[in-house]
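With these hints in hand, go ahead and build the complete structure from the sequences.
Numbering-wise (the numbering used here), the sequence shown opens with residue 37 and increments by one.
No wet-lab data here; the hints were simulated from the structure. Cβ atoms here follow ideal geometry from the backbone N, Cα and C, with glycine treated the same way.
So the derived label-pair ranges between C-beta atoms look like this:
id, residue 1, residue 2, range
1, Arg140, Ser98, 23 to 29 Å
2, Pro185, Lys71, 31 to 37 Å
3, Ser167, Gly112, 19 to 25 Å
4, Glu223, Leu84, 21 to 27 Å
5, Pro139, Val188, 28 to 34 Å
6, Gln213, Phe183, 23 to 29 Å
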Amino acid sequence: MKRLGFVCIFTSCVAAAALIGTPQIDAQATSGKAKRAVRARTAAAKMLPELKPFIGTWKLVSSMETLADGTVRPYGFGPNAVGYLMYDATAHMCAQVVNPDRPRWRNPEKPTPEEVKTAFDGFGGYCGTYSVDEKASTATHLPEVPFDPNIVGQPKPRTYRFDGDRLIYSGSESGEQGETRWEMVWERVR
Numbered sequence: 037m038k039r040l041g042f043v044c045i046f047t048s049c050v051a052a053a054a055l056i057g058t059p060q061i062d063a064q065a066t067s068g069k070a071k072r073a074v075r076a077r078t079a080a081a082k083m084l085p086e087l088k089p090f091i092g093t094w095k096l097v098s099s100m101e102t103l104a105d106g107t108v109r110p111y112g113f114g115p116n117a118v119g120y121l122m123y124d125a126t127a128h129m130c131a132q133v134v135n136p137d138r139p140r141w142r143n144p145e146k147p148t149p150e151e152v153k154t155a156f157d158g159f160g161g162y163c164g165t166y167s168v169d170e171k172a173s174t175a176t177h178l179p180e181v182p183f184d185p186n187i188v189g190q191p192k193p194r195t196y197r198f199d200g201d202r203l204i205y206s207g208s209e210s211g212e213q214g215e216t217r218w219e220m221v222w223e224r225v226r
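In structure tokens:
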């Protein structure tokens with residue numbers, strides 16, 4: 037029997053597959069499946085109502101930034117950014133965004149320092165917990181396992197709104213060229 041699941045290790049969501057063939061292992065897998073189902077039901081029963089609209093997997097649709105002078109450009113990870121955002125009923129979350137146009141390493145076993153820097157600059161992500169303030173329309177991520185070690189435990193609040201099956205985050209940042217506004221649009225994966 038083939039089992040396929042998704043596991044978050046550090047900040048990379050990695051597809052993990054295992055072949056299970058013996059009756060003893062199948063019984064253990066069934067027992068584990070039953071325990072996971074009980075935990076899921078328990079978590080759902082304890083779920084805060086404000087979390088419910090967020091729960092699930094979201095795929096990045098667009099990511100744009102508007103500069104102080106009105107110029108609009110891709111936000112953060114290039115014009116073809118790809119990403120996933122996952123929320124569960126226990127207030128845990130994981131976010132990954134990447135620039136898919138990053139060049140491949142010539143030697144995957146020994147990337148050059150420049151190749152590593154390019155890969156680093158084209159990736160962002162973290163796992164942690166989240167909270168929602170419905171009155172303020174704010175969702176706050178609290179990274180526990182980030183790619184960037186400087187953001188451990190640093191709240192990342194963002195204004196949100198829903199538009200059908202889309203979750204839209206927006207915010208602003210101050211920089212050398214003045215205040216910029218950004219918007220990331222995520223679509224629920226069905």
